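Trainee: Just so you know, the protein sequences line up as chains F and Y, in that order. Sequence positions in the first sequence follow our numbering and run 1 to 111. Sequence positions in the second sequence follow our numbering and run 1 to 376.
Rather than coming from a laboratory, the hints here were simulated on the basis of the structure. As the structure is a computational prediction, the values presented were derived from the model and not from experiment. For every residue, glycine included, the Cβ atom is placed at its ideal position computed from N, Cα and C. Mixed in with the good hints there might be a few duds.
In silico EDC-like cross-links for lysine to aspartate or glutamate, where the CA-CA straight-line distance does not exceed 16 Å [said to hold, decoys possible]:
#1 LYS54(F) to ASP88(F)
#2 LYS23(F) to GLU92(F)
#3 LYS12(F) to ASP52(F)
#4 LYS54(F) to GLU252(Y)
#5 LYS12(F) to GLU68(Y)
#6 LYS305(Y) to ASP161(Y)
#7 LYS6(F) to ASP161(Y)
#8 LYS41(Y) to GLU68(Y)
#9 LYS2(Y) to ASP131(Y)
Not close to chain F: a few residues of chain Y, all C-beta gaps over 12 Å, as computed [as the list claims (entries may be wrong)]:
#10 GLN59
#11 PHE140
#12 GLU188
#13 LYS266
#14 ALA348
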Amino acid sequence: MNSPVKIWRNQKHIAALLGREGKIVSWTIVRVPPTGFSSLAPYPVVIIEFSDGKRITAQLADLPSGRQAGQMDLVGMKVRVVVRRVCDPPTEGIIPYGVKVKPCLPAGRHL
Amino acid sequence: MKVYITGAATTKFGELWSASPRSLAREAVTNALKDAKLSVKYIQALFVGNMLSGMLGGQEHLGAFFAEELGLSVAAFKIEGACASGGLALHNAINSVLSGQYDTVVALGVEKMTDHKPEDVATALMGAGSDEERAAGATFPGLYACLARAHMQAFGTTEEDMAAVAVKNHFHASLNPNAQFHSSITIEQVMRSSKIADPLKLLDCSPISDGAAAVIVTNKLGTGLPAGKAGNRVQILASTVATDTLGLAQRENLTELKATKEAGKKAFHIAGVSPKDIDVAEVHDCFTIAEILAMEDLGFCKKGKVGTLKHLVVNPSGGLKGCGHPVGATGIKQVVEIVDQLRGRAGARQVKNARVGLTHNVGGSGATAVVHILKI
């Protein structure tokens, strides 16, 4: 995941997704994370569907904590694709950026 | 051409800290050869199913690696297809015999997982997923949890329905001396176990395991080679493979595994049997929801109706949940269990009068499915 060339090559794909909005069709809370994600766990991983029917898997960011997300049904929640650091950065090498999604909320409203 | 399995064996599955991949493979193949009453000198090719030896053990080149261990200098291959590696190894072994290239070959499945930290195993297993899923921090329990959630939404499936699969498979495992777990569990215990990836809990998940399994595949029967007595042979009626998108989100439908449906449909057609003819099945229950999906998608029952199934015994070995899931070995172990059942030598877990059996092996979150149908 941390090859600089691979991250550079993926930029076009990421740019095409940024700002797109969709809704959550299925979700989970990952409580036993893979290497590099332990500082984020527990965190929600969601499958979202855009209006054209295309779906992606992404991490849901900007919820106060994964624990809180586990207590509400996320199906149907509207979300927007944003750029984020995807996991804990290695001690050497580049910081891995990619996409996550965050809730679309009316201005001034917080979860 | 008819192709048979004349020898079949598995090692014990579990946390086998004193066993190495070499010793596991040697034990499984030696016992499969003994079962077939066959000398290793008749083996013309070796097909090894394995997923993680490179990422976890730093060892690739497994064809030559295990051929050396077995004292063979024949054609040898590693076949990788995530948790379907074992099933794919057998599919290729069968095709190599059907092609006329070889008469007698070994399909071996082997995996060593418990030497490594759980997060390293979780990361290595995600090698079976897509870039997008890895960047999301998804895990295999997480992906199957998304399938479970979609199934619950569409058909009203409950967490207790899923728990019942684990309870049944632990009961079966308690009757299998080679299984990783020998303890019966209750629905309450499953429901109370810690959450891994909501709604899946610890006891919905198959464990991390070590183990190996091997079968002897041959077209020689009563033609001079000691390839097994009549009565000990099991005929392979069908061996099919289908694939789907690597990533879960890109599938047409989140409430079914299309690869299972297609491999199943093709296998029943080639074998000339229907789901009603199957007496015993080993299906891929890496998570409890996966067994429910398998039974529906193979055509044993309608969507959301798996609880009404009565006519066959599913996962008598204990399945991946109870018997253990050394990922590359699982697809071969399922076939060993069906061979034992059809030969009537399955001991306390014997299914009475089993004549036709099916195995179903899945790779990733359903990107690969392998189905075998066997009869005595």
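Trainee: Look at each hint and say if it fits the structure.
Mentor: The hints, checked one at a time:
1. LYS54(F) to ASP88(F): With Cα atoms ~28 Å apart, LYS54(F) and ASP88(F) exceed 16 Å; violated.
2. LYS23(F) to GLU92(F): violated (36 Å)
3. LYS12(F) to ASP52(F): At roughly 19 Å apart (the allowed maximum being 16 Å), ASP52(F) and LYS12(F) break the hint.
4. LYS54(F) to GLU252(Y): Holds, at roughly 10 Å.
5. LYS12(F) to GLU68(Y): Status violated; Cα separation ~47 Å.
6. LYS305(Y) to ASP161(Y): holds (11 Å)
7. LYS6(F) to ASP161(Y): violated (43 Å)
8. LYS41(Y) to GLU68(Y): holds (13 Å)
9. LYS2(Y) to ASP131(Y): violated (42 Å)
10. GLN59: holds (20 Å)
11. PHE140: violated (10 Å)
12. GLU188: Correct as stated: the minimum Cβ-Cβ distance to chain F is 21 Å, above 12 Å.
13. LYS266: LYS266(Y) is indeed farther than 12 Å from all Cβ atoms of chain F, at 27 Å.
14. ALA348: The claim stands: ALA348(Y) keeps its Cβ more than 12 Å from every Cβ of chain F (closest is about 34 Å).
Hint violations for this structure: numbers 1, 2, 3, 5, 7, 9 and 11, all remaining hints satisfied.
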